[in-house]
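Whenever a hint applies, use it, and build me the whole structure from the sequences.
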Amino acid sequence: MTDARPHHLYVVEDDVALRDMLATYLERQGMAVTAMASAEELLKRMDRLRPDLVVLDINLPGLSGLQACQQLRAQGDRLPIILLTAQSDEIDRVLGLEMGADDYLGKPFSARELLARIRAVLRRVGTAPGLPVPGAAPVALGDLRFDPASRTLQGPDGARVLSTVEFALLAELVASPHVPLSRERLLAATHQRADSVAERTIDVAVMRLRKLVEPDPAMPRFIQTVRGHGYMFVPGGSA
8 MTDARPHHLY VVEDDVALRD MLATYLERQG MAVTAMASAE ELLKRMDRLR
58 PDLVVLDINL PGLSGLQACQ QLRAQGDRLP IILLTAQSDE IDRVLGLEMG
108 ADDYLGKPFS ARELLARIRA VLRRVGTAPG LPVPGAAPVA LGDLRFDPAS
158 RTLQGPDGAR VLSTVEFALL AELVASPHVP LSRERLLAAT HQRADSVAER
208 TIDVAVMRLR KLVEPDPAMP RFIQTVRGHG YMFVPGGSA
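Quick note on the working numbering: the sequence shown kicks off at 8 and runs consecutively.
Beta-carbon label-pair distances, calculated as ranges:
no., residue 1, residue 2, range
1, 164, 93, 48 to 58 Å
2, 214, 120, 41 to 51 Å
3, 152, 123, 31 to 41 Å
4, 242, 122, 38 to 48 Å
5, 145, 114, 40 to 50 Å
6, 225, 152, 21 to 31 Å
7, 144, 13, 24 to 34 Å
8, 39, 208, 17 to 27 Å
9, 120, 149, 47 to 57 Å
10, 37, 116, 18 to 28 Å
11, 37, 218, 32 to 42 Å
12, 55, 21, 14 to 24 Å
The calculated lysine to any residue pairs, modelled on SDA-like cross-linking and capped at a C-alpha distance of 20 Å, are:
no., residue 1, residue 2
13, 218, 152
14, 114, 127
15, 51, 191
16, 218, 243
17, 51, 21
18, 114, 28
19, 51, 183
20, 218, 170
21, 51, 70
22, 218, 150
23, 114, 32
24, 218, 146
25, 114, 66
26, 114, 25
27, 218, 167
28, 114, 26
29, 51, 239
30, 51, 184
31, 51, 86
32, 218, 164
33, 51, 87
34, 218, 162
35, 51, 68
36, 51, 66
37, 218, 197
38, 218, 151
39, 51, 39
40, 114, 23
Hints are computed from structural coordinates only; laboratory data are not their basis. No experiment lies behind these values; they were computed from the predicted model shown. Ideal placement from N, C-alpha and C gives every residue a C-beta, glycine not left out.
Dropping the structure here:
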């Protein structure tokens with residue numbers, strides 16, 4: 008028997024009334040919602056628990072929504088993002104889409120319209136784990152090459168198609184080189200349940216993944232342990 012995991016959304020909006028209304032409405036539609044008031048909090052939380060989609064207001068105090076979107080995309084993060092803009096801010100909408108946002112919605116808007124946009128983006132990007140990533144560049148791991156577009160690990164002896172968990176873990180790690188990723192975030196990437204038992208399964212899954220990609224799994228070069236936190240991908244295998 009498998010557990011159906013609801014889509015987990017981050018709602019980033021500094022207007023308290025709007026933020027609370029959206030969180031309440033989306034939760035009633037069967038989604039899990041974490042609401043926050045700033046882009047700084049969004050970026051801080053990303054390494055702890057990765058959501059399926061972010062609803063992000065452009066006009067935030069401090070770091071703007073546009074800047075946060077740009078920063079995530081510059082790191083190679085493909086997380087789906089829907090921007091909330093003032094109805095008249097056509098320039099911001101164009102900039103947002105150029106920076107990699109998946110959609111935008113002008114204020115004022117109805118919660119039902121936002122829900123429809125969220126569902127459309129989730130259908131379009133496909134948030135199920137293990138889906139190949141079309142157009143993604145291969146990543147070298149010593150003599151091996153990880154190809155996200157074909158979900159394979161290619162080496163001197165041929166290509167191996169990775170399992171769903173193997174692929175989801177490796178894709179999540181290589182997308183954020185030199186960034187320590189928590190067990191929670193890796194769990195979210197594989198769509199496992201976030202409990203203590205499931206957290207231990209990440210350690211087992213990483214151990215198995217190391218047997219595939221490391222020259223010496225006992226002394227990992229590419230997938231390194233970050234004590235008390237999780238794991239980190241190191242391109243080239245250097246510390």
